[in-house]
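J.: Residue 178 is where the sequence shown starts when you use the numbering used here, and the numbers rise one by one after that.
The set of hints was computed from the structure by calculation and includes no laboratory data. On a predicted model such as this, the values are computed, not experimentally measured, just so you know. Positions of the beta carbon are idealized from the N, C-alpha and C atoms, including for glycine. There may be inaccurate statements among the hints.
Calculated pairs, DMTMM-like style, for lysine to aspartate or glutamate (alpha carbon to alpha carbon, straight line, at most 20 angstroms) [what the hints assert, rightly or not]:
no.: 1; residue 1: K425; residue 2: D264
no.: 2; residue 1: K299; residue 2: D320
no.: 3; residue 1: K182; residue 2: D280
no.: 4; residue 1: K262; residue 2: D181
no.: 5; residue 1: K299; residue 2: D280
no.: 6; residue 1: K424; residue 2: D264
no.: 7; residue 1: K426; residue 2: D264
no.: 8; residue 1: K425; residue 2: E406
no.: 9; residue 1: K379; residue 2: D305
no.: 10; residue 1: K426; residue 2: D412
no.: 11; residue 1: K424; residue 2: D412
no.: 12; residue 1: K425; residue 2: D412
no.: 13; residue 1: K262; residue 2: E429
FRET-style restraints, in silico, Cβ to Cβ [to be verified]:
no.: 14; residue 1: K420; residue 2: F278; range: 15 to 25 angstroms
no.: 15; residue 1: N355; residue 2: L212; range: 52 to 62 angstroms
no.: 16; residue 1: F402; residue 2: L189; range: 35 to 45 angstroms
no.: 17; residue 1: I274; residue 2: F384; range: 21 to 31 angstroms
no.: 18; residue 1: P399; residue 2: W238; range: 20 to 30 angstroms
no.: 19; residue 1: A369; residue 2: R242; range: 27 to 37 angstroms
no.: 20; residue 1: A306; residue 2: V415; range: 35 to 45 angstroms
no.: 21; residue 1: D264; residue 2: G239; range: 28 to 38 angstroms
no.: 22; residue 1: V184; residue 2: H404; range: 46 to 56 angstroms
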Amino acid sequence: KVTDKLVPGMVLIYISVCLYVIFANADQLPNVFGLIITHAFTPISAAGGFAGAGIAQALRWGTARGLYSNEAGLGTAPIAHAAAKTDHPSRQALWGIFSVFVDTIVICTISGLTVLVTGAWKEVGGKDASNMINVAIGSEFGDAFGGAFITVFLLFFVVTTIGVLVFYGEKQAEYLYNLKFAKFMRIVYILAVFVGAIGGLKFVWQFLDLLLAFVLLANIIPLLFLHKEIAQLTDDYVNRVYKKRTKKKNIELFHEEEDAS
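Input sequences plus hints: build the corresponding full structure.
T.: Now the structure itself:
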């Protein structure tokens, strides 16, 4: 309930502020898009790409950071979607796709454009990249506001994220063991936050990258074996619910229906 109230409002405010900064520097957009295209298709980039080095690095960092951004492929978000009230699994799955689109395509793209149009990427440099968005927003609203704005938003995003992660952990423990053990997961996550805070930043990132790789494989492989069921559910939703071509339901939608039969 807390995340339902906070997250949509935070996202809208963040997008609004970033769009204001982008439009305030709209004259820089042609240069920005030219910069993106130039760096993507220069001979050096192309040579590195053909050699495999550029592509390998793009895949490595894109996949690793993408997992933190939208959790696509990890199988964690479906835990939250499974708790939703819906008449069809595929309808809820579409909301999952929509959330990934908003997170990755909308928010990340707008953040990148905000950094580029203000020139914050040149001012800050790669070693302190996490502060680029602070500097970008501060260029229009003042350094004090930029720092305070991002700090407050990070606080809310972190609190809501931890709450969701605890919910994931509890549901996983409840499924594997029992409800009492699920409550114990709250302590585990509190300890994890403490360890993450005192651990070296580089070590924490590398350790989490390794762990998430195993989680990704553990989720993707079973999904490949379930491709027929997924296709049947999608086909049922498209033809019976969305396009209303048929009224006959050819697949049981929920486990409760299978148990009842």
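J.: Now tell me if each hint is right for this structure.
T.: Here's how the hints hold up against the structure:
Distance hint between K425 and D264 is fulfilled; the C-alpha atoms sit about 15 angstroms from each other, no more than 20 angstroms. Simply put, K299 and D320 have alpha-carbon atoms about 16 angstroms apart, close enough for the 20 angstroms limit, and the pair holds. Note on K182 and D280: the hinted pairing holds, with a Cα-Cα distance of about 17 angstroms set against a maximum of 20 angstroms. With a C-alpha separation of about 14 angstroms, the suggested pairing of K262 with D181 holds against the 20 angstroms cut-off.
For the hint pairing K299 with D280, the CA-to-CA distance comes to about 25 angstroms; that exceeds 20 angstroms, so the pair is violated. Restraint check for K424 and D264: satisfied, since their Cα atoms lie roughly 14 angstroms apart, inside the 20 angstroms limit. A hinted pair counts as satisfied when its Cα atoms are at most 20 angstroms apart, and K426 with D264 qualifies at roughly 13 angstroms. With a CA separation close to 17 angstroms, the supplied pair K425 and E406 stays within the 20 angstroms bound.
Distance restraint check for K379 and D305: the Cα-Cα separation of roughly 13 angstroms lies within the 20 angstroms cut-off, and the hinted pair is therefore satisfied. Between K426 and D412 the alpha-carbon distance is near 10 angstroms, which keeps this suggested pair within the 20 angstroms criterion. Our distance criterion of 20 angstroms between C-alpha atoms is met by K424 and D412, whose separation comes to about 13 angstroms. For the suggested pair K425 and D412, the alpha carbons sit about 12 angstroms apart, so the restraint of at most 20 angstroms is met.
As the CA atoms of K262 and E429 are separated by approximately 16 angstroms, the hinted pair is consistent with the 20 angstroms bound. Between K420 and F278 the Cβ separation comes to about 22 angstroms, which falls inside the hinted range of 15 to 25 angstroms. Taking the beta carbon of each, N355 and L212 are about 56 angstroms apart, inside 52 to 62 angstroms as hinted. In this structure the supplied range 35 to 45 angstroms holds for F402 paired with L189, their Cβ-Cβ distance being about 39 angstroms.
The beta-carbon spacing between I274 and F384, approximately 29 angstroms, falls within the hinted interval of 21 to 31 angstroms. Restraint check, P399 to W238: a C-beta distance of roughly 26 angstroms satisfies the suggested window 20 to 30 angstroms. Evaluation of the 27 to 37 angstroms hint for A369 and R242 yields a failure: the beta carbon distance comes to about 20 angstroms. Taken as a hint, the range 35 to 45 angstroms holds for the pair A306 and V415, whose Cβ atoms sit roughly 42 angstroms apart.
Between D264 and G239 the beta carbon distance is about 36 angstroms. The supplied range of 28 to 38 angstroms therefore holds. Take V184 and H404: their Cβ atoms lie about 31 angstroms apart, and the range 46 to 56 angstroms is violated.
Violated hints, listed in ascending order, are 5, 19, 22; each of the other numbered hints is respected by the structure.
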